[in-house]
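Asker: Sequences and hints are given; from them, build the entire structure.
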Amino acid sequence: MPVIAVSNPKGGAGKSTTTLLLATYLAQSGASVCVLDADPNQPIMDWKTNGLSTTTLKVIGGIKESNLMEVLDAQNDQFVFIDLEGTASVLVSRSIAMSDFVIIPVQASAVDVRQAGKAIRAVKDEEKVAQRSNLLRKIPYRVLMTRTPAPGAPVSSVQRQLESELVDANVPRFRTSLAERLAYKAIFVERLTLAELGEHKVGNLEAAYQNIHELVEELVETLRELNRNEVSK
Amino acid sequence: MSNKFGLIDDADEDVARPEGKIDLSGFAPVQKRPPIDFAEVDAAAAPHGFVSREAGPVVDEASTTHGRRRRAVPAEPTRHLAVRMVQSQYDRFVGYADRYKLTYHGAITKLLDDAGE
Chain A
1 MPVIAVSNPK GGAGKSTTTL LLATYLAQSG ASVCVLDADP NQPIMDWKTN GLSTTTLKVI
61 GGIKESNLME VLDAQNDQFV FIDLEGTASV LVSRSIAMSD FVIIPVQASA VDVRQAGKAI
121 RAVKDEEKVA QRSNLLRKIP YRVLMTRTPA PGAPVSSVQR QLESELVDAN VPRFRTSLAE
181 RLAYKAIFVE RLTLAELGEH KVGNLEAAYQ NIHELVEELV ETLRELNRNE VSK
Chain B
1 MSNKFGLIDD ADEDVARPEG KIDLSGFAPV QKRPPIDFAE VDAAAAPHGF VSREAGPVVD
61 EASTTHGRRR RAVPAEPTRH LAVRMVQSQY DRFVGYADRY KLTYHGAITK LLDDAGE
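Chains as they are written, first to last, in the numbering used here: chain A, 1 to 233; chain B, 1 to 117.
Derived from the structure by calculation, the hints contain no laboratory data.
A couple of the hints might just be wrong.
[To be verified] Lysine-lysine pairs mimicking DSBU-like chemistry, simulated, CA-CA at most 35 Å apart:
#, chain 1, residue 1, chain 2, residue 2
1, A, Lys-138, B, Lys-110
2, A, Lys-128, B, Lys-110
3, A, Lys-128, A, Lys-138
4, A, Lys-124, B, Lys-21
5, A, Lys-48, A, Lys-138
[Unchecked claim] Here chain B is said to cover these stretches of chain A; the calculated rule only asks that three of the stretch's residues, wherever they fall, bring their Cβ under 8 Å from a Cβ of chain B:
#, segment
6, 77 to 89
7, 132 to 141
Think of the CB as a built atom: it goes at the ideal place given N, C-alpha and C, for glycine as much as any other residue.
Answerer: Structural data, given as structure tokens:
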């Protein structure tokens, strides 16, 4: 049902990591999932084509401004993720305009947050454009804190400040954060899913798994709720 | 156990792998999107710095501009007009001028004439 764009014009915010973790976990849970790799570096396409993962996740690379709509129209999976480039581009804004939900990954840094603000403003403006032809059209979004300290580890004052600003600004965010985990780097090194990393001792794999499980649960619940709200209108 | 990347980090407590399944019922396949006016979408995003980062097709200047008229010296005073526009509009406009072998101001004149302005 949902097309989910993962966007922050700041590079290195954790877009591809978030996309791959969510998409592979959903695929492993039995969903049909497709990732459109719209990052010119094609990190997820590389992961899929050069790796040995047996995941059912489908990855389509080479997404451009000109073929985005065509490729998206050809998909019939339950979940379609669009992994976007870390820059402000027409491809990014068009992807946002065509999405049902936008995830904005943000690290606890001033640069990340300012760039995320740019993405949020773009989402709101694209929503206004879409509402010219469909008054009920919404492009909901959530900020996702990434590379946060593992549970129990000290939280930086910058992160606390950022979290409080997000609350003050009424910016919707995921309750679950994506913690800084070695396993999340290892999935790109080994080109395997988190579940397939069993053989490779990479940090606390179980904690990484738990983190993703909680994030996917929250994502699914959020999408369900948004859908309920839309249907009730 | 492989540790070829030296990524061992067991600083935090072990947590049991979650057994709970994610309930995915009710998520139907993605539906075809309603058509979207990309010119409007691009125009809304441009003020936030969302511009085209894709290289346009390589244009053979010699063949495309062949036959385009050289600018005639105008008989009246001239004014300067600089227009910033989204890439798709730019491509349409330049394509139009090329197709009719017009200068840009000639193309504007033709568009105005055709519109009865």
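Asker: So, for every hint listed, does it hold in this structure?
Answerer: So, going through the hints one by one against the coordinates:
Note on Lys-138 of chain A and Lys-110 of chain B: the hinted pairing is violated, with a Cα-Cα distance of about 40 Å set against a maximum of 35 Å. A C-alpha spacing of about 33 Å is found between Lys-128 of chain A and Lys-110 of chain B, which places the hinted pair at or below 35 Å, so the restraint holds. For the given pair, Lys-128 of chain A sits about 9 Å from Lys-138 of chain A by alpha-carbon distance, which is consistent with the 35 Å threshold. This hinted pair checks out: Lys-124 of chain A and Lys-21 of chain B have alpha carbons roughly 34 Å apart, not beyond 35 Å.
Between Lys-48 of chain A and Lys-138 of chain A the CA atoms are separated by roughly 32 Å; this keeps the pair inside 35 Å, and the hint holds. Look at the segment 77 to 89 of chain A against chain B: 8 of its residues bring a Cβ nearer than 8 Å to a Cβ of that chain, three or more, so the hint holds. Judged by the Cβ-Cβ criterion of 8 Å, the segment 132 to 141 of chain A is covered by chain B as claimed, because 3 of its residues qualify and three suffice.
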